[in-house]
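Numbering-wise, the sequence shown is residues 306 to 541 according to this note's numbering.
To be clear, the hints were calculated from the coordinates, so they are not data collected in a lab.
No experiment lies behind these values; they were computed from the predicted model shown.
Some hints could be false.
[As the list claims (entries may be wrong)] Distance condition first, Cα-Cα at most 27 Å in a straight line; then the derived BS3-like pairs of lysine-lysine:
#1 K325 - K488
#2 K309 - K326
#3 K326 - K502
[As the list claims (entries may be wrong)] Using C-beta positions, here's what the derived DEER-type ranges look like:
#4 L371 - V534: 51 to 57 Å
#5 G511 - V534: 34 to 40 Å
#6 S486 - E466: 37 to 43 Å
#7 E321 - L371: 50 to 56 Å
Note that the Cβ used here is the ideal one computed from N, Cα and C, for glycine as well.
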Amino acid sequence: MIQKNWQELIKPNKIEFSSKKKTLTTLVAEPLERGFGLTLGNALRRVLLSSLRGAAVTAVQIDGVLHEFSSIAGVREDVTDIVLNIKEIAIRMEGDGPKRMVVRKQGPGAVLAGDIQTVGDVEILNPDHVICTLDEGAEIRMEFTVDTGKGYVPADRNRAEDAPIGLIPVDSLYSPVKKVSYKVENTREGQVLDYDKLTMTIDTDGSISGEDAVAFAARILQDQLGLFVNFDEPQK
């Protein structure tokens with residue numbers, strides 16, 4: 306029977322997830338058929354890093370600034386450094402974009418991601434992240450455009466043809482998964498000593514749990530691989 310091709314392969318008895326902190330998750334899956342640890346680990350890693358959707362800033366407009374090579378009186382960082390800091394703002398957005406966010410602050414002191422006035426379905430996940438630092442008497446107002454997407458989109462692709470003067474596009478890293486590593490070791494099942502044990506470590510920005518990220522990545526692979534199945538499931 307053709308179903309023996311997949312039904313008689315060994316599958317993990319369980320998949321264990323553990324988290325040392327909110328953004329860091331470890332997965333252990335065993336036993337797997339020999340070679341499947343590398344196959345599944347590599348496929349999941351690639352999808353986790355490239356194909357999950359997230360939210361990011363796509364552009365910023367700073368009052369009194371015409372381009373990213375400017376400097377602002379009373380602000381210690383130049384605009385280029387401010388834009389780099391804006392790229393690191395971690396965002397969770399439930400609905401579709403684009404959305405607008407605004408921050409307005411007077412010095413002295415740091416402008417933090419948590420100072421941004423957000424709309425209802427947008428959440429700043431790293432509120433202590435420093436965007437820039439203001440001296441005594443300095444003031445700044447910035448308006449951010451936030452959107453959803455996947456993967457990495459360079460700033461030039463975020464530049465609209467009809468963009469107003471002073472709108473600075475930002476490199477957007479949408480992926481909620483920042484880093485994935487995995488290793489494959491031998492494990493034992495009964496008298497067989499050379500099955501695979503897959504251990505993965507998933508580091509996210511906090512907008513998604515590592516367990517959910519793996520589930521979504523597996524679902525993407527399932528959907529893509531289903532296109533190659535050219536037969537109906539045999540009746541039992």
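### Query
Between K309 and K326, does the CA-CA distance stay at or below 27 Å?
violated (41 Å)
### Message
Between the beta carbons of E321 and L371, is the distance compatible with 50 to 56 Å?
### Response
holds (54 Å)
### Message
Check whether the Cα positions of K325 and K488 lie no farther apart than 27 Å.
### Response
holds (18 Å)
#### Entry: Outcome for the supplied range 34 to 40 Å, where the beta carbon pair is G511 and V534
Holds, at about 36 Å.
### Task
Could you check the hint for me, namely that L371 and V534 are 51 to 57 Å apart, CB to CB?
The hinted range 51 to 57 Å holds for L371 and V534, with Cβ atoms some 56 Å apart.
### Query
Taking the CB of S486 and the CB of E466, does the distance hold inside 37 to 43 Å?
holds (41 Å)
### Pair hint outcome, K326 versus K502 [Cα-Cα no greater than 27 Å]
holds (23 Å)
Hint 2 from the earlier list is the only one contradicted by this structure; the remaining hints agree with it.
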